[in-house]
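Trainee: Residues per chain are reported as follows:
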Amino acid sequence: MNHLIVMEQKPLEEIVRMLDGVNKVLIVGCNGCAGIYQVGGEKQAEIMKVLLEMARKLKDGKKLNAKAITVLRQCDLQIAVTTIQPLIDNYDAVLSMACGAGVQTLAEFFKNKIIVPANNTKFIGMQDRELGKFHELCSACGQCILFETEGICPITRCAKGLLNGPCGGQAKGKCEVGGWTKDCAWVLIYNRLKEKGHLDLFSKFREERDFRISQSPRELGGSEEKEKVQ
Amino acid sequence: MTKAVYSDLMRQLSERRFVFTGELEPVKTTNLHEVLEGAKALKGHVVAANVTDNPTAFAYMNALIPSYMIQKEVGLEAIYQMTTRDRNRIALTSDLLAAAAVGIKNVLALTGDHTTVGDNPQAKPVFDLDSATLVRLIRKMVDEGVDLNKNKIEDPPKFHVGIGANPNADPLEPEILKIERKVKIGAEFVQTQCVYDIERARRFVNATSYLNIPVLIGIAPFKSIAMMEWMVKYVPGIFVPDEIQQRLRKAKEKGGKEAVLQENIEIFGDLVKEVRKTTKADGVHLMAVGFEWIVPKVIEKSGIK
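From first to last, the protein sequence lines are chains R and A. When we follow the working numbering, the leftmost residue of the first sequence carries the number 1, and every step to the right adds one. When we follow the working numbering, the leftmost residue of the second sequence carries the number 1, and every step to the right adds one.
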């Protein structure tokens, strides 16, 4: 099981539309989460190059000057820039096949280029390999209470993000959101706490959250001086 | 108990009288006529009426104005329903101050159905607070004269705060523990979702008796066979005994719509009587939105004075 950023590729028509008028594009794959989940890794960047070239040819018979490369991690400014810098002068636009953080890392550095996102970034997820399905498990709230809830996050897995659930919208352990098909996180928590004889943690009243802790945009660590990339 | 009593609802509950409450639902309109007519039908038969707050996440007229108007124009006490779905703690605090300013005495604190089940499913859900932390907000305002962040309120409000509960919940135990949680932080009465089966009502009242909080069992007659069938089919957890379903269907075959409504009076009058006689419930919350006239008839049939 992996816990990574889950994303899905945008429809090709949307990518083509964003690149309208661009003749030279550098397609940059990412071997981090995007590569592991085969959404925006080396292979996908190569395929994207072929698809975009074909699309351009079909549209006006012209040739698109495209090149596909892949970096280790696009969210690491130093790694990304070291790989891209020597090539960038030949291109007008960069198509980033990474998550939103990767796209913005490139946008921050290559300010005079058109930066195009190839993916929609969905959530921090876990992959169930057997079913090939991704599940959202963490919303990076910054106030982890998993110790009290038997390792089930109500902030993410309860559709209302309740700290004092379940709400009246559960029936037989299923949630009203999505038509009673998904598990009610609070009933899952209740069942596990009951099994372990810790219903006191269920009955516990939890005070309202302090939303300043997860107030965007967030920062962590480092020094105040901007990192220098050569 | 020597707790202060601000409302007729709380007065009757503290006198251990069997209490009736009703329900009014402002809809997507700018006209108050229907709500006021409904209130007139209930007046004198129920001690107070709930005014719903965008039920099932439908964007309707806000609940505060009709709550105020039924008190002012009809003299019917309001139970102002508040959900945490559409407003954060700032807006809730603000509305509570306004509610107190116009004489609202009872508030029902609810989490609220999710936005995605409503008529604007694209909306951003709020849920800054939940029903439990809303109870805490109200308690702090009333008992300490401050908001959640301890900011002082001039002329603090005087509210009684109630909560919702579902006797049909399966599993039931977490539902009971949730009530326990809210009783500990100061909830004062419970109004339940509709129950059609006396056994479920009894089981629920027994399960909550250790909490010493007044419980009003929710009873909702069926406006039509279609409404009943919809409830049975689409509202998970609702159990309508076969006997009730068959009696109503038979009535329809014999005498159409009118006969269904008459049969409702019989069925639910008896159910109210059963609740009174065979459970330790403190009252009944009668929900007949859009046909409030049936409430006095159901009460009359129950024989409870």
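In case anyone wonders, no lab produced these hints; they're calculated from the structure. Predicted, not measured: the structure shown is a model, and the values here were computed from it. Do not rely on the hints blindly, as some may be mistaken.
Said to hold, decoys possible - Here are the simulated lysine to any residue pairs, SDA-like style, with alpha carbons at most 25 angstroms apart:
#  : chain 1 : residue 1 : chain 2 : residue 2
1  : R       : Lys204    : R       : Ala140
2  : A       : Lys280    : A       : Val117
3  : R       : Lys174    : A       : Ala123
4  : R       : Lys182    : A       : Phe239
5  : A       : Lys140    : R       : Lys196
6  : A       : Lys140    : R       : Thr156
7  : R       : Lys174    : A       : Met231
8  : R       : Lys122    : A       : Pro125
9  : A       : Lys124    : R       : Glu13
10 : R       : Lys174    : A       : Pro171
11 : R       : Lys194    : R       : Cys138
12 : R       : Lys182    : A       : Ala123
13 : A       : Lys305    : A       : Lys257
14 : R       : Lys122    : A       : Met231
15 : R       : Lys174    : A       : Pro121
16 : R       : Lys10     : R       : Asp128
17 : R       : Lys204    : A       : Lys257
18 : R       : Lys194    : A       : Pro236
19 : A       : Lys184    : R       : Ser203
20 : A       : Lys124    : R       : Cys138
21 : A       : Lys140    : R       : Lys122
22 : R       : Lys57     : R       : Asn31
23 : A       : Lys150    : R       : Ile213
24 : A       : Lys257    : A       : Tyr234
25 : R       : Lys196    : A       : Leu177
26 : A       : Lys28     : A       : Trp293
27 : R       : Lys122    : A       : Val126
28 : A       : Lys43     : A       : Cys194
29 : R       : Lys182    : A       : Leu177
30 : A       : Lys301    : A       : Glu258
31 : R       : Lys204    : A       : Val126
32 : R       : Lys174    : A       : Lys152
33 : A       : Lys3      : A       : Glu34
34 : A       : Lys72     : A       : Asp95
35 : R       : Lys182    : A       : Tyr68
36 : A       : Lys140    : R       : Lys67
37 : R       : Lys174    : A       : Val240
What the hints assert, rightly or not - Some but not every residue of chain R turned toward chain A, in silico, with C-beta under 7 angstroms:
#  : residue
38 : Glu14
39 : Arg17
40 : Gly61
C-beta: ideal position from N, C-alpha, C; glycine also.
Trainee: Okay, which hints does this one fail, numbers in order?
Mentor: Hints 2, 5, 6, 9, 13, 14, 17, 21, 22, 32, 33, 35, 36, 38, 39, 40 not satisfied by this model.
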